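Given only the sequences and the hints, what does the whole structure look like? Please build it.
What follows is the residue order along each chain.
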Amino acid sequence: MQEKIDIVKLGGVEEGKPKKPRPKLPRKEIACQDPKERIKNFNEVALGYTPEEAVYEAMRCLECQRPRCVVACPVHIDIPTFVGLIARGKFAEAAKDIRKYNSLPAVCGRVCPQENLCEAACILNDTNPGNPIAIGRLERFSADYLLSKENGSAEAPKITHKTPYKVAIIGSGPSGLTCAAKLAQMGHTVHLFEALHKAGGVMMYGIPEFRLPKEIVQKEINYVKSLGVKVETNCIVGKTIPMDEIMNEYDAVYIGSGAGFPNMMKIPGENLGGIYSANEFLTRVNLMRAYDFPKTATPIRKPKRGVVVGAGFTAFDVVRIMLRLGAEHAEIVYRRTRKEMPGRGEEIEHSEEEGAIIRELTNPVRFIGDENGFVKAVEVQKMELGEPDSSGRRKPIPVPNSNFIIETDLVVIAIGQTPNVLIPSNLKGLSTRWGSVINVNRETYMTTVPKVFAGGDAITGAATVILAIRAATEASRAIDTFLRDPQRKWYPPEVSEKK
Amino acid sequence: MFEIVSKKTLAENVVEMTIKAPRIAKTHKAGQFLILMNYEHSERIPLTIADSDKEKGEITIVFLVVGFSTKELAEKFNVGDEIFSVVGPLGTPTHIEKFGRVVVIGGGLGVAPIYPICKSLKEAGNEVISIIGFRSKELMFWKEKIESASSKIIVTTDDGSYGMKGFVTHALEKLHNEGEKIDRVIAIGPPIMMKNVAKMTEPWNIPTWVSLNTIMVDGTGMCGGCRLEIGGETKFVCVDGPDFDGHKVNWEEMEIRMKVYKIEEEKIKQEHQCKIGLK
Ligand SMILES: Cc1cc2nc3c(=O)[nH]c(=O)nc-3n(C[C@H](O)[C@H](O)[C@H](O)COP(=O)(O)OP(=O)(O)OC[C@H]3O[C@@H](n4cnc5c(N)ncnc54)[C@H](O)[C@@H]3O)c2cc1C
Ligand SMILES: Cc1cc2nc3c(=O)[nH]c(=O)nc-3n(C[C@H](O)[C@H](O)[C@H](O)COP(=O)(O)OP(=O)(O)OC[C@H]3O[C@@H](n4cnc5c(N)ncnc54)[C@H](O)[C@@H]3O)c2cc1C
Ligand code: SF4
Ligand code: SF4
Ligand code: FES
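For the record, the sequence lines run as chains X and C. If you use the numbering used here, the first sequence corresponds to residues 634 to 1132, in order. If you use the numbering used here, the second sequence corresponds to residues -16 to 262, in order.
Some hints could be false.
In silico DSS-like links for lysine-lysine, alpha-carbon gap of 27 angstroms or less [what the hints assert, rightly or not]:
id, chain 1, residue 1, chain 2, residue 2
1, X, K673, X, K847
2, C, K245, X, K937
3, C, K81, C, K37
4, C, K81, X, K899
5, X, K937, C, K250
6, C, K135, X, K928
7, X, K935, C, K102
8, C, K59, C, K81
9, X, K863, X, K791
10, C, K3, X, K858
11, C, K252, X, K935
12, X, K1061, C, K250
13, X, K1009, C, K37
14, X, K937, C, K252
Partner residues are not named here, just some residues of chain C that face chain X (Cβ under 10 angstroms, in silico) [unchecked claim]:
id, residue
15, H24
16, S25
17, S68
18, V70
19, L158
20, C206
21, E212
Rather than coming from a laboratory, the hints here were simulated on the basis of the structure. Computed from a predicted structure; not experimentally measured. Backbone N, C-alpha and C define an ideal beta-carbon position, used for all residues, glycine too.
Structure, rendered in structure tokens:
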């Protein structure tokens, strides 16, 4: 089914022949849509490597014996092997090799903070500073190649021996999907329940189309389904199915319900019309495709002068959406400085290219409404940085008498998410901290309730896709051990935190 | 997918639909709602579960055609068709216990959701007096059904074409003036009606509960779009409610938040006029 790739013509090396790496060459940049064009559409910004570009980049890799990049990748993808396969023209094989470690490579290749993980550790940084192997882009390239060939499913590995055990997975974000894929491959029967009408979690409702096309996410989910995982959407565990029923019917339960509850600022005027939580704004735009309104049926207010509060992944996604919805002015208001911003460097850069303004050391104190009850301005206060706080970042302190007004017609609050209380409040004996973050044993991902495991944002609070995948991978091994253990031994976390 | 097993027009622009949804039917309690999507790219619209049948695995909704999505549902979907998505039961069930004498008020479309509430209240040993109000006789529905779940029923119509002439609040005032001891009032209907009921019972010190219908997206506490100030605190109607103490609701804020998409709602109606033959 695979067409012949003329690897020599692409600049690679034939299989069996020795490779002469070219680490001194500069790293291959990825083509992007022009900023002036891309703010008029929702199509993907980074266009991906051509086969030639991918082979060029792969040829730079030293294929180290003791690769530091592999250590730094949270799921320890065998990077030299898959990069080597690309250099030899085996694009589909490269992706299949990655899937041994990560079931969602097309997603991670796009949204992983590689610059702090695998790429930060690449040895080329020592000799050719700033030019590590573009591991994420290569991962994306091979994964896209495979998905375009097999539509995500045709070549799923056959599962030969089934066990008699049934596992319920709650939530279809990266963590739930990964745990489901791994357990299915181990031969267990896996049922995955998702509250929304589409599987994918934040990958579907949060991260915008222009960073992570929804078609790609759905193809990766098709692959997980092809492993035999049964996915039931429109099913809220604790509502549609009572938690007791899940506990009675399954041998083990994995909670991957994420951190979906939006934090609000709790300042006056926050319930005015035109003020959104990031979750609502993003869900309307991404999952419900409000950008296509009125072709699709869900509306969104279009800003002229948009204000986003916060500076994480979410805030930058929101500001870029505002610009795409036609805002003349869209700004981020952040109480610390650029240096403390949790958002990824690349996202900050892309946002500014597109015209987003970043206002540092500023914090809203109240929202002001017009005569119809819609927001028309934000009153903000200048901040300065004091001593480092418990997170190690310098604490912002208000500057007295520094208030001023920013005019706006749409505000989005993007100051973080915490887990929903639905599951903790429906599962007796489940220990949590800060109200809803689930406590687990660090090694086994076991909770305080026998046969219930948890991972992803549900146990950490809002984090990253790859950390959710790592938790699920490790938890799947623990679940497998637990299921096969005749005594079903339980090692719950030692909980010292008071609720 | 969720199959429609029956469809009836109860009055002009009021449609009753029974849908196959076994999981929801099994766990539904009075006061809960569902969220429905006609097609894959439709809006998510919240509707109260007006009845459920565990054995058959079916649930019933009654809805008023007000805008694009409800019109589409009423006009394009028939028995045997499948609805893309139905999720529920959502929200906290209505608090039911033996209160004594409870007046349950349903205004217009609000008559449908009070049915399971009257039923549950009666089962819990309460004396249920129901007041149902419509603009006119032609719009009346489910009178017999509500009657079967109450010990006494009062019907009001704005134009006097049936029952008592006037609003449901007039009937409530009359009951009170006649000296009936009322232990609790539950009111469901248009926001303005619920607000007026709550304002009326406040000086009488009668606990009064209303069911709010703010704009929603997910219905699970994820978006905050349904948020509203209740007793000085922001609450998420979809999970903390939809039932709240009517004396604590910030009705002015409710009014504003219901109007957020006025312009867009008009726009989609016009845009699709030709395509699906909306009036
Ligand atoms: C806007 C935005 C941008 C981001 N960008 C990046 C990025 O670029 N890179 C990166 O690495 N990370 C990013 N993140 C963070 C990342 O998306 C999350 O850390 C990750 O998705 C967590 O995965 P999860 O599987 O734990 O949970 P989620 O992805 O949140 O999935 C949880 C799922 O569980 C479902 N669920 C919850 N409760 C129930 C229930 N009771 N019954 C059934 N289903 C339930 C939810 O509907 C949801 O689908 C971003 C986050 C946001 C919000
Ligand atoms: C908990 C709850 C229970 C409800 N129960 C019923 C019921 O049993 N029967 C019934 O007829 N209606 C009910 N509603 C109202 C119903 O959801 C709206 O009438 C419907 O969403 C309108 O959609 P539309 O596209 O036809 O109209 P639109 O043109 O979009 O809007 C018309 C009106 O409906 C309101 N509305 C629009 N979108 C939403 C939304 N997503 N959520 C809530 N309101 C919205 C608007 O404020 C507007 O005034 C309920 C609402 C809630 C929140
Ligand atoms: S999963 Fe993330 S950290 Fe691991 S190799 Fe891929 S991009 Fe790097
Ligand atoms: S450290 Fe860099 S050069 Fe070495 S294998 Fe990893 S990616 Fe290749
Ligand atoms: S509808 Fe989204 S939080 Fe209530």
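Hint by hint, here is what the structure shows:
no. : hint                : result
1   : X/K673 with X/K847  : holds, 18 angstroms
2   : C/K245 with X/K937  : holds, 18 angstroms
3   : C/K81 with C/K37    : holds, 24 angstroms
4   : C/K81 with X/K899   : violated, 37 angstroms
5   : X/K937 with C/K250  : holds, 18 angstroms
6   : C/K135 with X/K928  : violated, 48 angstroms
7   : X/K935 with C/K102  : violated, 45 angstroms
8   : C/K59 with C/K81    : violated, 43 angstroms
9   : X/K863 with X/K791  : holds, 16 angstroms
10  : C/K3 with X/K858    : holds, 25 angstroms
11  : C/K252 with X/K935  : holds, 18 angstroms
12  : X/K1061 with C/K250 : violated, 48 angstroms
13  : X/K1009 with C/K37  : violated, 49 angstroms
14  : X/K937 with C/K252  : holds, 24 angstroms
15  : H24                 : holds, 4 angstroms
16  : S25                 : holds, 5 angstroms
17  : S68                 : holds, 4 angstroms
18  : V70                 : holds, 4 angstroms
19  : L158                : violated, 35 angstroms
20  : C206                : holds, 4 angstroms
21  : E212                : holds, 6 angstroms
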